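Protein chains in written order, with UniProt numbering: chain W, 1 to 421; chain F, 1 to 421.
By construction, these hints were calculated from the structure, which means they are not laboratory data.
Honestly, I wouldn't trust all of these hints.
As the list claims (entries may be wrong) - Just the calculated beta-carbon pair ranges, DEER-fashion:
no. : chain 1 : residue 1 : chain 2 : residue 2 : range
1   : W       : V261      : F       : E336      : 31 to 41 Å
2   : W       : H263      : F       : P250      : 55 to 65 Å
3   : W       : L368      : F       : D171      : 50 to 60 Å
4   : W       : A318      : F       : P224      : 17 to 27 Å
5   : W       : D315      : F       : A318      : 28 to 38 Å
6   : W       : P146      : F       : D113      : 44 to 54 Å
7   : W       : R340      : F       : E194      : 34 to 44 Å
Claimed, not checked - Here are some of the chain F residues that sit facing chain W, going by a computed Cβ distance under 7 Å:
no. : residue
8   : P169
9   : D171
10  : Q174
11  : E175
12  : F176
13  : H263
14  : N341
15  : F342
Values in this document were obtained by computation on a predicted structure and should not be read as measured data.
All residues carry an ideal CB built from backbone N, CA and C; glycine is no exception.
Protein chains: 2
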Amino acid sequence: MNIVIVGAGPAGSLLACYLAGRGHRVAVYERRPDPRPRDDDEGRSINLGLSARGVKALTDVGLIADIWPLTVPMRGRAVHGPGGKVTFHPYGTSDDQILHSIRRRDLVTKLIDHATEAGAAFHFGHKVVDLDRDRPALVTEHGTVPADAVVGADGAFSTVRTLMQRGAPADFHQEFLSWGYKELTIPKVPDYHEALHVWPGGDDGLIVTHPNLDGSMTATLFLPAGRLAAITDPEAFFAERFPDALPLMPDLAEEFAQRPVGHLVSIRTTPWHDAGKVVLVGDAAHAVYPFYGQGMNSALEDCTVLDRCLAAAEDPAAAFAAFESARRPHTDVLDELSRRNFVELREQVRSPLHLLRKQADLMLARLLPGRWVPLYTMVSHSTTPYADALARSRRQDAVLGWTAAGAAGLLALTMLARKGR
Amino acid sequence: MNIVIVGAGPAGSLLACYLAGRGHRVAVYERRPDPRPRDDDEGRSINLGLSARGVKALTDVGLIADIWPLTVPMRGRAVHGPGGKVTFHPYGTSDDQILHSIRRRDLVTKLIDHATEAGAAFHFGHKVVDLDRDRPALVTEHGTVPADAVVGADGAFSTVRTLMQRGAPADFHQEFLSWGYKELTIPKVPDYHEALHVWPGGDDGLIVTHPNLDGSMTATLFLPAGRLAAITDPEAFFAERFPDALPLMPDLAEEFAQRPVGHLVSIRTTPWHDAGKVVLVGDAAHAVYPFYGQGMNSALEDCTVLDRCLAAAEDPAAAFAAFESARRPHTDVLDELSRRNFVELREQVRSPLHLLRKQADLMLARLLPGRWVPLYTMVSHSTTPYADALARSRRQDAVLGWTAAGAAGLLALTMLARKGR
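This is chain W alone, in the form it adopts within the complex (with noise of 0.2 Å):
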């Protein structure tokens, strides 16, 4: 097949590397510039988390062992509480239970060497400017490409989703949150270094941290937009919100005037797909708040699930509609725990109920493994289909609080007849 990608992010170049592994012949259009010659992220999502989803998809197109040289491990929360106190809390059970970090522009430019070594074409510096549904074929303002099927890539505002769903009974789901956020920068850390670190701020602010290659760390901090646009002594906001970050952070004030205010867009839409002639993958199709690291590795994943439904179908309409069936309820779902967990981040890390929870959580993991496996494990350490992994963390739910009534029932029978005594 003659397939166009839109978009040279992390999704269009991964499906890439798949499809042009599989002997298609591929073209990815992009609007931005070639990544690779400069040294610049534009001030975007710098930084990502690698994990299991992200990770099967690397090792399916060959390119794992290129990346880990590339990623900085992640194995578990540093929790900054009031008072300046760090707390560790592991991601997992194990040492493969860990995420990694990574730069956005390096994991780019990795898949995009490595698609072109497969026989894909990049295209920099094209804007789409319309879409042939019929044909199809993509219309850029250097001319019209025809294909047998175009990919939308092309990211959360994708110009391919509104021209493949313009006039049609499409379903488009679009949120802002409230809050937006700013990237900063902590030079080096005394420690904790392979950690994502959390300063939970609860309606007050969060700030999380990736880790990068030269010891620094990558922070960014969330705040409701409105009050994060009027600050205007971001010094004295840190001293009085987190005083214990503003001696990591020295270029505090120039860097806080120079960032542009972020903001986080939820989309859900339907459908994704038009007659075997154009489908959406990533944040195309699907787009979360970033607060359970899942984004990038849901993209990713989408790529590995649409390149088995292209092998496994008759034809591409067959492919496209199995892989929407196959991926929206899922992504459906992440949306969801996307939400959730920005409210674990911003509140119940700081809740001794919510750590005891966690704590139990991971005990069961440990006492019964395999069999009791921690929400957060699979939908982070795993390939379990998000929808089937909440499905099976609320059995677990209901057996725990089980467990716990009978525990309790047990325990005022005992009281019961020692009264009776």
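Given chain W's structure and the hints, the job is docking chain F onto it.
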């Protein structure tokens, strides 16, 4: 002010009446040709049910006397049960609690004529191609039109909305109902002409009719879109599902083949305005499924509220912000009510328990005039804001629940007392 309105449908034309009446300079740009010379609705929502909110708006601009002769009263629902039995359910407890069927084209024609007399200029066949949000100015295929403010009254698939929200953090929810519809004609009806006829078919379809001035009725068949598109022999379908409706439609086969399948969309979004320069009204700001008959009425009420906000506020920015704050909570509730009424029309009008409940509601309204008002009455026969109507209805339901529980409790006590004797 120099105000440019996009869209010459009911909302755009009515707003032109309001604003021109206040002495503003008003120009209306409409993509379609002038509807007045032609007697053709292009198969689009031919009949509308005018109710209290619409009547209030048309009264405000001094047009209601010209509208009455174009309407046919609908005094209640005529429900066609299985076996052909027709039951009549009045819409309210008094003669003024009725709806008024009017052809869309008749209403729009009057509004355009009236706005023109008040000084508004209408430009038909002008398609919007861009919006300069800074000046602001509207760009049509025929040139650039500067204005103090641009109003998007261009319907559910509003171009002004798309251009206004482009690149902005906007929430947007668009959902298509899985059911489609087809409009058919009932040339004349033996009786119950002054009624909205309903054939509730559960999951197997729904027919709703509106009376026309010439004694005919416009029937709308609703059915899951896939099944509607798959009907090859409409007479056989009607013979099986709606046997008593079949003899009323002599041109069924021909009409069914000619008329397109319509789709139903619900849209909720925010923001509705941008910096005092752009604002949305009607379906462009909120589109609902048609099952409460409030789509057009709420669009007309928007104009009443926006006119009031513009008159009261110091500047357009404050007026537009006040408009969205005052209005969106209510149109969000209308969205919910319209979804619920789809179930009611399909199912509950057939259910004895539901009918009993409806009768109790109307009986209480008669016993406690002004103190007990059914939800339907508040929504359709009053201008109580939608969310306030829902809240009051919930309080009434709670009272009804407590009263029923109290009565049941008294009954139980009485029986116990007798047993005790």
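Violated hints - listed by number, lowest first:
3, 5, 7, 14 and 15
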